[in-house]
Amino acid sequence: MSAKPVRKQTRNPGTRLWIQGLACGAALTLATPATVLALLLLAPALAALLLDAEPGRPCGRTTLLAGAAAAIGPVFRLWSSGGPVGSALAAASDPQLLLTCWLAQAGAWLATQLTPLVIRLVLEANAATQIARLRRQRASYEKDWGVPPAEETSPT
Amino acid sequence: MPPQSDTSPVPVSASPAGSGQSAVPGLIAGAYAVDTTHPLPQAGGGLQAFAVIDHRSGHQGLMAVQSERSAPPRANVLGAFGDWANNALLPPLALGPARSARGENAWFVISPAPPGPPLSAELHPWGERELLERVLRPAAGVLQALGERHITHRAIRLDNLFQAGASGSVVLGSAWSAPPAFHQPALYEPAYSAMCLRSGRGDGSIADDVYALGVVLAVLALGKMPLEGLAPDDILRRKLELGSFAALVGNARLPPVISDLVRGMLAEDPEHRPPPALLVDPIAARARRVAARPPRRAQHPLVLSGSTVWDARTLAFAIAQDPESSPRLLRSGNVERWLRRNLGDSAAAAKMAEIVHLRTFDGPVDDARADGMLVMRAVASLDPLAPLCWRGVALWPDGLGPALADAMAAPEKGSILPERLLELVDCEAAGHWAQIRPERSDPTVMQSEARHRRMLMRQRGWAGGLPRLAYALNPLLSCVSPLLGGQAVVRTSELLQALDAAAANAQIRRSLPMDHDIAAFVAARADQSSAANIASLDGKVTPDQASLLQLQTLANLQQSGKGMALPGLAGWLLEQLAPAVATWHNRQRREALERALQHLASAGNLPAMVTLIDSPEARKADEEGHRAAIETAHRIDATLRALAAGKTRRTESARQMGQELTLGLAVMALTAAVVAMVLS
Numbered sequence: 004m005s006a007k008p009v010r011k012q013t014r015n016p017g018t019r020l021w022i023q024g025l026a027c028g029a030a031l032t033l034a035t036p037a038t039v040l041a042l043l044l045l046a047p048a049l050a051a052l053l054l055d056a057e058p059g060r061p062c063g064r065t066t067l068l069a070g071a072a073a074a075i076g077p078v079f080r081l082w083s084s085g086g087p088v089g090s091a092l093a094a095a096s097d098p099q100l101l102l103t104c105w106l107a108q109a110g111a112w113l114a115t116q117l118t119p120l121v122i123r124l125v126l127e128a129n130a131a132t133q134i135a136r137l138r139r140q141r142a143s144y145e146k147d148w149g150v151p152p153a154e155e156t157s158p159t
Numbered sequence: 004m005p006p007q008s009d010t011s012p013v014p015v016s017a018s019p020a021g022s023g024q025s026a027v028p029g030l031i032a033g034a035y036a037v038d039t040t041h042p043l044p045q046a047g048g049g050l051q052a053f054a055v056i057d058h059r060s061g062h063q064g065l066m067a068v069q070s071e072r073s074a075p076p077r078a079n080v081l082g083a084f085g086d087w088a089n090n091a092l093l094p095p096l097a098l099g100p101a102r103s104a105r106g107e108n109a110w111f112v113i114s115p116a117p118p119g120p121p122l123s124a125e126l127h128p129w130g131e132r133e134l135l136e137r138v139l140r141p142a143a144g145v146l147q148a149l150g151e152r153h154i155t156h157r158a159i160r161l162d163n164l165f166q167a168g169a170s171g172s173v174v175l176g177s178a179w180s181a182p183p184a185f186h187q188p189a190l191y192e193p194a195y196s197a198m199c200l201r202s203g204r205g206d207g208s209i210a211d212d213v214y215a216l217g218v219v220l221a222v223l224a225l226g227k228m229p230l231e232g233l234a235p236d237d238i239l240r241r242k243l244e245l246g247s248f249a250a251l252v253g254n255a256r257l258p259p260v261i262s263d264l265v266r267g268m269l270a271e272d273p274e275h276r277p278p279p280a281l282l283v284d285p286i287a288a289r290a291r292r293v294a295a296r297p298p299r300r301a302q303h304p305l306v307l308s309g310s311t312v313w314d315a316r317t318l319a320f321a322i323a324q325d326p327e328s329s330p331r332l333l334r335s336g337n338v339e340r341w342l343r344r345n346l347g348d349s350a351a352a353a354k355m356a357e358i359v360h361l362r363t364f365d366g367p368v369d370d371a372r373a374d375g376m377l378v379m380r381a382v383a384s385l386d387p388l389a390p391l392c393w394r395g396v397a398l399w400p401d402g403l404g405p406a407l408a409d410a411m412a413a414p415e416k417g418s419i420l421p422e423r424l425l426e427l428v429d430c431e432a433a434g435h436w437a438q439i440r441p442e443r444s445d446p447t448v449m450q451s452e453a454r455h456r457r458m459l460m461r462q463r464g465w466a467g468g469l470p471r472l473a474y475a476l477n478p479l480l481s482c483v484s485p486l487l488g489g490q491a492v493v494r495t496s497e498l499l500q501a502l503d504a505a506a507a508n509a510q511i512r513r514s515l516p517m518d519h520d521i522a523a524f525v526a527a528r529a530d531q532s533s534a535a536n537i538a539s540l541d542g543k544v545t546p547d548q549a550s551l552l553q554l555q556t557l558a559n560l561q562q563s564g565k566g567m568a569l570p571g572l573a574g575w576l577l578e579q580l581a582p583a584v585a586t587w588h589n590r591q592r593r594e595a596l597e598r599a600l601q602h603l604a605s606a607g608n609l610p611a612m613v614t615l616i617d618s619p620e621a622r623k624a625d626e627e628g629h630r631a632a633i634e635t636a637h638r639i640d641a642t643l644r645a646l647a648a649g650k651t652r653r654t655e656s657a658r659q660m661g662q663e664l665t666l667g668l669a670v671m672a673l674t675a676a677v678v679a680m681v682l683s
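Residue numbers (the numbering used here), protein chains in the order written: chain A, 4 to 159; chain B, 4 to 683.
These are computed hints drawn from the structure, not numbers from a lab. Honestly, I wouldn't trust all of these hints.
To be verified - Reference excerpt, derived from the structure (chain B facing chain A, CB under 10 Å, subset only):
1. V448
2. N589
3. H629
4. R658
Ideal Cβ positions, reconstructed from N, Cα and C, are used throughout, including at glycine.
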């Protein structure tokens, strides 16, 4: 009796794109000023999201989340006040707000680029320390017990 | 006569005279000092003799006869003179090493000095009465006493018979410093002994001494040396062709009594000679007639390698003398036909046919050893009195030991002799030889001896071969190893002292202290444990094993001896032990071992060195530690390989961790912003 093939539970990318487009359309229709402001404030994150070719778009997501954290307050206030698109454009033209949001996204992006490098440096340093300690230990066995030298496969 | 030891009739010296370390010569048996500044010419019967100072009793009139290296003293007879009381012989009193006139160490046999000059000093015709009273009676008395002790003299000749001062009767000289009959000219020996290697004549029987005494009587009666100027081979051939009496006396006239006595004493068959007990009474001895059948003479001679033979005995000699072409002649059937048709001896012919038939079972046509066996059997069959004749070498089986000693100590005498001797041992020729002449020797005993000798020779490693056999069959043979620098080493205690002294020579110290000769010497003289160690020593053993085995062997000797400190030898061994020390794995333990060995070597304690370097517990701990170290090293290697291979994995991990970390921070910021917004 043969086992049934496991059916892969993956969402169709076309469907997801369709849902995302529907959500965007709904947001533009129902809350046009807030959506415009959000698009303007999160423009760098959206650009990063589009340009991130890595599976799961980790860089874009992190940048978007950081930008969202900065932009959520002004967007909510605009939405709560029920202001028109002009109000959205006026808010977006506030350099302080725009700079804050964009800097938050830039910082997040930079953090996604630098953090792995730093962590990698730490891991490599740790490995190098371990290798040095093991080599010293082996050299002492070679000297004290006449153990033959390490083979070519050992790291040099 | 000086007092003798209670425990051993012939005390063997325990003094370290052979060490060469002291300028004062050691005392033999704790009493006798050899005075090499006072040689006694003509006293040793052909060997060097010196005056002896008896430090115990002050007794005068002793001499020391020096043994040659290649001809050791007769160990088997030296202990049989405990209650000797016959003054007509110079018996051995003691034996031991002392400094020779040339400054080397040599072995000497102490005995009374001759009372007068040898008979050879002034040769003139002796009268019948003189011969009977002054020569025959005293000499026969000595031979009778020797015979009762199952000893032979084998050195009765004019230059070893001495005139006593007052009585004028003769005294038999020393015959103990060399193998039996070693210095006997062919004239004084029966044909079956004269044809042998001079070192391989064996102890023989008292009848051989009777023969030599008969020759002496004949010479003294004639007043001149018969057959003078003839080569030994020619004398032998004449004895074989004419018979001994006719060859020696010829047409000369001897006193009638002497003539009759000498005729009987020179009988070709030793069983036909009068025994010494009978010779003490010459008249009775004269009356004894043994009807010896004259040998058959052929109608036509057989020509063999240029020799013309008329009877079986001369045929046997001719065959023995030409071992290369004789096998072909024997196989062709010519000898058998000649025996049957010309000699008329069908029994001998049938036996010869049987021997030739046996040849087919011994090996292929070109097998030289099988041909040697054929010749040996043929000679023994034709002449049952003949010695063992093996491929041109003739000897009596009990003379094999001295023959080997002679061949080994003086290899320049001819390289073929040691090979021939080893061949005849390897083929157990003595056993086969005895089977052909069972009426003359016990084949069972001879086969057993031959098998034992072969077994000794075939011992593996350095415990076998010619040296082992030579030392085993010659208890008083000096070790001939060049490492000993010419010192006379006969006992293992002397060996250790000699090696200790040799350690001062830097050239000698470059090699291990035991070579093949020393190893065989120790295997022959020491206990079984040493022999087992030596059996492991050969060309295949590694340097560390060799040095350790030699240390163990020499330590056994030191332990079984007096335990005398040997700092020189210990230092020598310490240098050679470097490969063995290097087999210890742990560095600290190795360094500690070297320091401890150094300390023990300076104290000259070999057994302690063995205990230290060959401790099973320490060795086991070292081995286990080494195994654990190797396992740990392998684990380290595996970890290092894993670390080297983990670079890509670490990079990926760093990327993931970085992304997750920044994502988490972003989520936290968003959450905080939402909370702040809700709260505001």
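Structure versus earlier hints - violations, ascending order: 1
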